[in-house]
Each structure stands twice: as C-alpha cells, then as structure tokens.
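Number of protein chains: 2
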Amino acid sequence: MKNFIFFNPARILFGKGQLAGLADEIKRLDCKRILVVSGRGSVKRIGLYDKVISILKDMGLIFFELEGIHPNPRLADVRRGIDICKRNNVDFILAVGGGSVIDAGKAIAAGAVCQRDIWDYFAKRYEIEGALPLGDILTLAATGTEMNGNAVITNWETKDKLSIGSSHLIPKFSILDPEYTYSVPKDQTVYGIVDIMAHVFEAYFSPTPNTPLHDRIAEGIMTTLVENAYKVLDNLKDYDARANIMWCGSMALNGLIGTGKEEDWATHDIEHEVSAIYDIPHGGGLAIIFPNWMKYVLDEGVDKFVQYAQRVWNVQDNGQGDREIALEGIQRTREFFDHLGAPSTLKDYGIGHENIDVMAQKAVRFGPIGGYKKLYKEDVANILKMCL
Amino acid sequence: MKNFIFFNPARILFGKGQLAGLADEIKRLDCKRILVVSGRGSVKRIGLYDKVISILKDMGLIFFELEGIHPNPRLADVRRGIDICKRNNVDFILAVGGGSVIDAGKAIAAGAVCQRDIWDYFAKRYEIEGALPLGDILTLAATGTEMNGNAVITNWETKDKLSIGSSHLIPKFSILDPEYTYSVPKDQTVYGIVDIMAHVFEAYFSPTPNTPLHDRIAEGIMTTLVENAYKVLDNLKDYDARANIMWCGSMALNGLIGTGKEEDWATHDIEHEVSAIYDIPHGGGLAIIFPNWMKYVLDEGVDKFVQYAQRVWNVQDNGQGDREIALEGIQRTREFFDHLGAPSTLKDYGIGHENIDVMAQKAVRFGPIGGYKKLYKEDVANILKMCL
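Here the protein sequences line up with chains A and B, keeping their order. Residue numbers for the first sequence follow this note's numbering, so the first one is 1 and each next one is one higher. Residue numbers for the second sequence follow this note's numbering, so the first one is 389 and each next one is one higher.
The reader is advised that the hints may include incorrect statements.
What the hints assert, rightly or not - Each computed DSSO-like pair below joins lysine-lysine, with the alpha-carbon atoms no more than 30 Å apart:
(1) K390/B with K172/A
(2) K159/A with K51/A
(3) K574/B with K27/A
(4) K390/B with K574/B
(5) K390/B with K51/A
(6) K390/B with K231/A
Said to hold, decoys possible - To list a few chain A residues with every Cβ distance to chain B over 10 Å, as calculated:
(7) F7
(8) F14
(9) K16
(10) L56
(11) F63
(12) T158
(13) G220
(14) L256
(15) E300
(16) G321
(17) D322
(18) I330
(19) G371
(20) K374
(21) Y376
FYI, nobody ran anything at the bench for these hints, they're computed from the structure. Being a predicted model, the structure only gives us computed values, none of them experimental. Ideal Cβ positions, reconstructed from N, Cα and C, are used throughout, including at glycine.
Here chain A stands alone, though its shape is the one from the complex:
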C-alpha cells in the first residue's frame, strides 16, 4: 500500500423519503440565496422539482433557477450559472438531477468564487482555490459525483471534455433516495451500471502491490453490481436493487478503493475523447472500450486479471493456464455488458476510423495515460481500432 490521505466529509442521506431532511441540511449551512441547477425535465416529470421548490419557498429563501443542463454537461451552461451567481450574490448551489447536473453545479460553485476563468482550471490544471457550498439530490446512480470532489465538463467550442478535482467540491450533503431512480429508463440505467463498473476497474487494475482490502471492497462492489443489475433489468422499480446499485455508485468513486494506490483512468480518458467529438453516452463508450483495454494491457500483469476472473466471475481453474483464466474474465465482462444491452463497438454509434488519430492525440495531450500500462498515442489508437 502507498501512503494516502483520505478525507470525505460529504453527508449522505440515503433512503426513501430523505428529502424530508433537505430543509435542515440547508439551515445547517446557514445559506440564504440559492441557485437551483437541474436538467432537461425528468426531475419535473417525477414531481421532485416542485417538491424542492416548495421546500425552498416554505423556508422563505431567495432562489434562482438554472434549468436545461445536458448530459456531457457544457461549459456554456456553466458560464450561465456562474453569471447568475455573481450577479445575485448566490451563496449556495443546490443541484437536482444526475451526475451531469451535479458536475455542472460543482463547476458553477467553483467559478463563482475562483479568480481565473473557470475553463483555465480544466484546461490549464490550476488548483481550485475555493467554491460555494453545494448540496445535491441525486436521481441517477452512475458517476459517484455525489460523494467526491470531481466534475467533468465539455467545451463544445474546442471539443474538449476535461475534469477538475478538489476537496472544495465535495458536496456538503447528498440526498440519495433510490425511489427517484425508478423512472430512469432501461438504457440510462444500463449506462449508469457500466459507468460504476468502470470506476471500479480504474481503481482495481493498478500496479500497486499489496492492497488486499481495497481489492476485496472493489470486488464486493462489482459482485453486488452484477447481481443487482440483473434484478433491476427484470423490474425497474425493485427498491433493493435500485438501492444497492445507488450505494455501489457512491462507494465506487468516494476515494476508498482508489486511495493508497496508483489508479489507471486511461479508459475514461479515451472515452472522454470519443464523447467530446461524438456526444455519445459516457456509459456506452465505456462499455465498448473497457473490454478492449483489458485485452490490450493484459500481458502487463496477468495475475490481477486472474484474480478478477476468479473472484468476480467465479471462473474455475481447470488447468487452462493463467492467461486463459484471465481472458475468460474479460470475456465474461463483455458478455455482461452485452446482456445489459450496452453497445460493443463504435460502429453501434456510427463511428468509424476517421477521427482516431485526433482522439488518440488529444487523449495524451498531458502526457501518456494509464497506470496499469502507460499508453502513448499509438497505444490509444490501437485500442480505438480494436473498438471499431
């Protein structure tokens, strides 16, 4: 294990009806002027948005609304939000929606306080100096943003999808009611599951030795996720399945399974380049790329893939040899994504080889990517070709 600092002060209110705690959470923060950030209508359709607004009105708070945040949230929307905050002395951001809405909220929270233009923190990697406090009500189990200090934003002018990370951006509170995810349609549910699984992969496939507890927690998340993915596809309103998937989502990216080890993140970096150009669903991109990444890096360390195959997929050792066991684990991953109905090739999105060179170049713009195996431009291009 490597040295680490673990610090995650997000307050998680988990379960049915936890919206009842919203007023107390806001009171605790002593905020008065709120920007409510939301997406493109789903929170209104399920009646959540009206409930939130009614709570804010009952509290006599001043609030402003920023609606219409897109998936793969856009810098232009973030700028709109920052402008509202600055003009109105907003002192709290309340994000109501999925990961994109919360990520937009975080970027707005930072931009309202930080000295430079917000995009500089993404593109030039300046350190975030502070942020307005942010709380959220999560309606999609996927990104884990509800329990970490990360945000991913896309600049559509430059076709760059980049991230920031800071403890200033960890939500002061996150309300996680699995019932709010009942209405998430099957395809979005699947993308969320793939995203969570991918977050675990990025931490799990690490060159750092001797992290047995990290490994077992990661394996526990993956096993729980697989088991409950099948259940939720049978019944989108299975409370326990939705709850387990939601908690897996937070646990996958709250720092616990990644701290004290070198993580990978190459697959996420590659996917970001694909969706920055083609605007495909993040989970869809990951489902295509991850099994190919696994095959590409396998020989860098077969043992971890053997452990993965045996502990997560229960692949038996029948004397077929380690590499075959490992490949069987990768195959089972592909089959799981297939069973969920996730895409398996870039062709499924009509993407050909035309931008592979551009995407590979951009993926390594800050240097080689990945921890399990360092990937250079040519490696990224090779993996993308495997995805065609």
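Since chain A is already given, all that's left is putting chain B on it; use the hints.
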C-alpha cells in the same frame, strides 16, 4: 437496506512518515493551546512523543501534558484532563497513543465544552452538545476510534464501563503510521486483531436483510485481517501486514459496514461488564465471549452464519447441512483465536461464576441487548456460563 445518514469527516493521513503533516494539520485548525494526552510510556519508548513535542515547540504553541492514561481508560483521568482544559483555555486536544488514549482525549474534549458533568453523558445518555477539536496519532490497530465519534470510559468507583457517541467527537485528523505499531508486543497485537474482528461481527450479524455490499465489505475486512494476522505473528515488523491490519481497524468501525442496518453489540456490552469488574484486556474478553455468543444465537438465523462460514472460512458444502456448515464457521473462529494465542475461557483470567449475576444484570440495565437476537438478563448469564 434501511435508511441511513453517513457522515465521516475524519482526515486520515496514512503511511510511513505521515507525522510530517502534523504541523499543517494543526495550522489548518488554527489552534493555539493544546492538551497532549498520552499513555504509560510506550510512545516515549519509541521516540514518538519527543518528536511530537518538538513539533509543537517549533510551532511556538502553548501546550499542556496529560500522561499516564490506562487501558480501559478511567473517568478519574478524564476529569483531570477536563480540569486542565478549563483552567488553561485549551482549544485543541492531541491524543498520542492507542484507543484508550484517544477515547480519554475525546471524553476530555467533550467535558471541556459540555454543560453537564461528563459522566452524565455516559450514564444518563444525554446528547453531547459539542467538543473541543481533537486530532490523534495512533499507535495501536484495534478500536477504530481514530475514524469515528465514539469513546468508552470506565468509572472505577461504580465499576461501570460505558460509551458516548457524537459526530462532534470524530477526530479532525488521525495520523496512522503502521511503523508506530511495530513495537506493539504480540499479546497486544492479538487483542487488537480480535477487537477489530469483533467490530466487524457486531455489524455483520444483523437482522436487516438485503445489505449485500455491506456484507461483502465486512467479509473483505475479515478475510484481510485473518490473512495478515498470520503474517504479523511471523514478523511483528512486516510493514504491509501492519498497514493492512491498521486500515482494517479503521474500516471496521468508521460507520460503513454498520450504517443502514441494525447492528448487534451484545458481545461488546457483555465484555464491558466483565472488564469493568476484572480489568481484563478488552480483546481477550471478546475472544472468549464471541464464539459462545455465536453458538447461543445461531438458531436465530442460520443463513448468515452459513454465509460467514463459506465466504470467510471457505467451509465447503459437502451435504453436511446448513447448521453443520454454520457450526464449522464458528469452530474456525475459535481455532483462529486459539492460533493467535488469545484466551478461550474466563478461567484463563481466573474468573469464576461469582459475579455472573451482577454482570448479567448490569449488561441489560438499559433494556435487552443485541440485534441478531434480543438478549435478556438470563441470556447474558447463560452466555457467560458457557464462557467459564
């Protein structure tokens, strides 16, 4: 899964040489007048205490020292500490030592601020209203106090060992350097391992259904603990073994595996009554009581014990039947504690039946105990008789 609130803002600085971060942590809290709490010499013998004092001196801080905290920390020492704080306007507690030292520090931190006599919060269960900020440097992997808001104190006048819990008592930072545990002798190391295992049991054996991720994390902690217990007994200075056990200790009782479910804690309650009268090591008492508790409550829910036997001890299903599988898991637990050299009967401490009635009565003073099976006075007495 039940509804839950998870909130754990402890900053964990984990690994070799993390003491280098102490000055920054104290600066961040902007504290000036510090009470340093320590035990009976081991932190001096390993040279840690002098290093800490030298850091405080270099920072130009005013500090006071409270030494000599005992295992099963005593109310009298807590009162001494509160008195120092009040007389000297102390604004920060720095606990340097094992769980007892940190627990004493927490009780002092609360007593220095709270309005009532500190023992009222233990004996009459008043809610803690606030506390001085506390940081710690941990030297023993065992109680998990470094990452939670709990403290256990013994009142030797009344022979009561009771606990308090509050988010005010969660350490602002905890420095966990596995090298500081190198000099912990074998018996104390073993008691720590048993204590950690017992914390996992208390959360794991729960009547709450459908907590698959909690279960798997708990099983991951137990498996990692067993694997590393054997390693550390072979070599008390095995860094990775010490590191893994230390992180297991924090993870076992930081809320993650217990939140959202009914926990048990009967065995801890019973052990507290034993050590409140006989002052035996907490881990030793737990090693005696837990396997007997398991046998006593087994028929309340055999399935969870089967899962435990299979996933933690790899007990194979050879058609022997669920109850036999479960009993094999309990037997393996006993054998593990035996292998560590932990005691197996109260006789090992020269304890007979003379106070069983008193201990059973006190264990249920606030009502029946336990979540897996509710235990009344007679049940507690029965379990203690099994321990003779």
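Can you confirm whether the C-alpha distance between K390/B and K51/A stays at or below 30 Å?
Cα-Cα ~23 Å, so holds.
Do the alpha carbons of K390/B and K574/B lie within 30 Å of each other, as the hint requires?
Since the Cα atoms of K390/B and K574/B sit roughly 39 Å apart, the hinted pair is violated (cutoff 30 Å).
Given as non-interface: F7/A, partner chain B, CB spacing beyond 10 Å
Non-interface label fails for F7/A: nearest chain B Cβ at 4 Å, not farther than 10 Å.
Does the claim that D322/A lies outside the interface with chain B hold up, using a Cβ gap greater than 10 Å?
Correct as stated: the minimum Cβ-Cβ distance to chain B is 21 Å, above 10 Å.
Find the nearest Cβ of chain B to the Cβ of T158/A and say whether that gap is larger than 10 Å.
Holds: least Cβ distance 36 Å, greater than 10 Å.
Cβ separation check - G321/A to all of chain B, threshold 10 Å
holds, 23 Å
Is the nearest CB of chain B more than 10 Å from the CB of L256/A?
Non-interface label on L256/A violated, nearest chain B Cβ at 8 Å vs cutoff 10 Å.
10 Å Cβ clearance of Y376/A from chain B
holds, 31 Å
Can we confirm that no CB of chain B comes within 10 Å of the CB of F63/A?
Correct as stated: the minimum Cβ-Cβ distance to chain B is 24 Å, above 10 Å.
Assertion that G220/A lies farther than 10 Å from chain B (Cβ)
violated, 3 Å
Against chain B, does G371/A keep a CB gap of more than 10 Å to every residue?
holds, 18 Å
Check the hint pairing K574/B with K27/A against an upper bound of 30 Å on the C-alpha distance.
violated, 50 Å
Consistency note: the structure conflicts with the earlier hints numbered 2, 3, 4, 7, 8, 9, 13 and 14.
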